[in-house]
Amino acid sequence: DQQVKQNSPSLSVQEGRISILNCDYTNSMFDYFLWYKKYPAEGPTFLISISSIKDKNEDGRFTVFLNKSAKHLSLHIVPSQPGDSAVYFCAASARSGANNLFFGTGTRLTVIP
Amino acid sequence: DVKVTQSSRYLVKRTGEKVFLECVQDMDHENMFWYRQDPGLGLRLIYFSYDVKMKEKGDIPEGYSVSREKKERFSLILESASTNQTSMYLCASSSDGAKAFFGQGTRLTVV
Numbered sequence: 791d792q793q794v795k796q797n798s799p800s801l802s803v804q805e806g807r808i809s810i811l812n813c814d815y816t817n818s819m820f821d822y823f824l825w826y827k828k829y830p831a832e833g834p835t836f837l838i839s840i841s842s843i844k845d846k847n848e849d850g851r852f853t854v855f856l857n858k859s860a861k862h863l864s865l866h867i868v869p870s871q872p873g874d875s876a877v878y879f880c881a882a883s884a885r886s887g888a889n890n891l892f893f894g895t896g897t898r899l900t901v902i903p
Numbered sequence: 034d035v036k037v038t039q040s041s042r043y044l045v046k047r048t049g050e051k052v053f054l055e056c057v058q059d060m061d062h063e064n065m066f067w068y069r070q071d072p073g074l075g076l077r078l079i080y081f082s083y084d085v086k087m088k089e090k091g092d093i094p095e096g097y098s099v100s101r102e103k104k105e106r107f108s109l110i111l112e113s114a115s116t117n118q119t120s121m122y123l124c125a126s127s128s129d130g131a132k133a134f135f136g137q138g139t140r141l142t143v144v
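From first to last, the protein sequence lines are chains A and B.
In terms of the working numbering, the first sequence is residues 791 to 903.
In terms of the working numbering, the second sequence is residues 34 to 144.
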């Protein structure tokens with residue numbers, strides 16, 4: 791059963807506009823959340839993370855929001871750039887438990903110039 | 034700079050062959066992982082290891098085994114490759130089980 795879900799397989803956004811990628815999870819034990827970016831034929835690279843004690847974390851153009859009651863997080867990219875075009879994976883872990891990440895199925899973001 | 038290196042970028046193997054995928058990390062991380070990525074399925078955990086000679090099954094261990102004889106090296110073994118094991122294989126390592134660093138991936142094709 792998929793514990794981390796990304797229900798939108800793809801998203802297209804105009805350059806300069808905001809991209810919003812969504813992620814839902816089911817396991818209430820998850821307390822650390824990450825976003826990874828993946829280009830074709832490369833491994834995923836870490837983008838940004840958030841601990842469950844926070845509801846927002848910002849790093850430059852990237853902001854992650856966490857809504858624990860809804861078991862939902864989102865990644866905002868403002869402004870979107872063509873180089874942001876990639877597959878974005880949401881991941882979660884229960885740091886008090888097993889040392890592994892649970893990944894969503896990914897959202898392919900296309901930023902149109 | 035952190036580095037996780039997978040031995041091959043692309044591999045083509047025949048059905049029934051024994052296949053070894055090697056991964057080396059230079060960050061002295063305790064935890065190492067093998068995932069496979071398939072379209073529409075995301076990254077699925079095959080096996081992970083939290084210490085030398087220790088291993089744990091992930092979500093899809095069937096048809097795979099692993100070996101961790103040294104802290105920096107984690108090998109994935111396909112005992113008898115099958116066409117449904119054609120996939121992108123990703124190795125990762127982490128120190129605390131949270132932020133994982135990935136290798137560049139190995140695209141395996143089984144014919």
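Fair warning: there could be bad hints in the mix.
[What the hints assert, rightly or not] Listed below are the simulated PhoX-like cross-link pairs for lysine-lysine, each with C-alpha atoms no more than 25 Å apart in a straight line: (1) B/Lys86 <-> A/Lys827; (2) A/Lys844 <-> B/Lys132; (3) B/Lys86 <-> B/Lys104; (4) B/Lys88 <-> B/Lys51; (5) A/Lys858 <-> B/Lys104; (6) A/Lys795 <-> B/Lys103; (7) A/Lys827 <-> B/Lys51; (8) B/Lys132 <-> A/Lys861; (9) B/Lys86 <-> A/Lys846; (10) B/Lys51 <-> A/Lys795.
Rather than coming from a laboratory, the hints here were simulated on the basis of the structure.
Against the structure, the hints:
For the given pair, B/Lys86 sits about 31 Å from A/Lys827 by alpha-carbon distance, which is inconsistent with the 25 Å threshold. This hinted pair checks out: A/Lys844 and B/Lys132 have alpha carbons roughly 17 Å apart, not beyond 25 Å. With a C-alpha separation of about 9 Å, the suggested pairing of B/Lys86 with B/Lys104 holds against the 25 Å cut-off. Under the criterion of a C-alpha separation no larger than 25 Å, the hint pairing B/Lys88 with B/Lys51 is consistent with the structure, at around 20 Å.
Annotation: proposed proximity of A/Lys858 to B/Lys104 is violated, straight-line Cα distance about 36 Å (limit 25 Å). At roughly 35 Å between alpha-carbon atoms, A/Lys795 and B/Lys103 are farther apart than 25 Å, so this suggested pair is violated. A distance of roughly 32 Å separates the Cα atoms of A/Lys827 and B/Lys51; the hinted pair therefore is violated under the 25 Å criterion. About 20 Å separates the Cα atoms of B/Lys132 and A/Lys861, which keeps this hinted pair within 25 Å; it holds.
Between B/Lys86 and A/Lys846 the CA atoms are separated by roughly 39 Å; this puts the pair beyond 25 Å, and the hint is violated. The straight-line distance between the Cα atoms of B/Lys51 and A/Lys795 is roughly 34 Å, outside the 25 Å bound, and the hint therefore fails.
Hint compliance for this structure: hints 1, 5, 6, 7, 9, 10 are broken, all remaining hints hold.
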